[in-house]
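Visitor: If you want the building blocks of each chain, they are given just below.
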Amino acid sequence: MEHRYVHIRMSAINSIVDSSIFNIGDTVHFNPIFKGIAVQRETNVWNDAYDTDFEDYSIFTRQANWIDTEIPVHMYNFHHNGTIQVGTVSITGVSQSSTVQFGGLKNINAESRLKHIRILQDNEIENT
Amino acid sequence: MNIEVHNWGLCVGNVAIEAVASSSVFLVGDNETIKLSSFFDTPPESYIVGAIVPLAPPT
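So the sequence lines, in the order shown, correspond to chains A and B. Residues in the first sequence are numbered consecutively from 1, following this note's numbering. Residues in the second sequence are numbered consecutively from 1001, following this note's numbering.
Simulated from the structure, these hints should not be mistaken for lab results. Note that beta-carbon positions come from the ideal geometry of N, C-alpha and C, so glycine has one too.
Straight-line C-alpha distance at most 30 Å; calculated DSS-like pairs for lysine-lysine:
1) Lys35/A <-> Lys106/A
2) Lys35/A <-> Lys1035/B
3) Lys106/A <-> Lys1035/B
Just the calculated beta-carbon pair ranges, DEER-fashion:
4) Val17/A <-> His1006/B: 37 to 45 Å
5) Glu70/A <-> Glu1045/B: 33 to 41 Å
6) Asn1002/B <-> Ser15/A: 37 to 45 Å
7) His1006/B <-> Asp53/A: 48 to 56 Å
8) Ile1034/B <-> Asn47/A: 36 to 44 Å
9) Pro1044/B <-> Val73/A: 38 to 46 Å
10) Ile1017/B <-> Asn65/A: 27 to 35 Å
11) Thr1033/B <-> Leu120/A: 37 to 45 Å
Could you put together the complete structure from these sequences and hints?
Guide: Structure, rendered in structure tokens:
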């Protein structure tokens, strides 16, 4: 894969979290995996039980069904101008196995799994 | 399948993005293969009102 020089004048990124990457330049392989359980509890006691495991929920073991026939593609790249020019970049957030890349990126194989749980208090008093 | 790509110039002016989230890609440049998968799950039984029940289902 031929390489090109990246020229960025200014970039401002607020937050990069949860196995994400901001890259200026070339990358060959990028295989991020993110697994998360988001528990929202309406209570005034901090929950330090940490009693949830990934094995309890089937979302973390399910397989994505990819197309099985790989289409043979032969790509020939000719870069007549060896630089990538970028002006200003302003991004608020990059999260959950994502990437912001200026330059070559050969293979990406990203996976992110998120389970949400909400536990609200039973407010019978207010309804009566 | 054969593809011949001739790149003369690649200039990007100003980019403003709110969020790049859950297995997504913002790429300015070359690429060969992209495989992205994202699982998101908030079924009705994940919405619990009332007594704080143990989160782990009885296995």
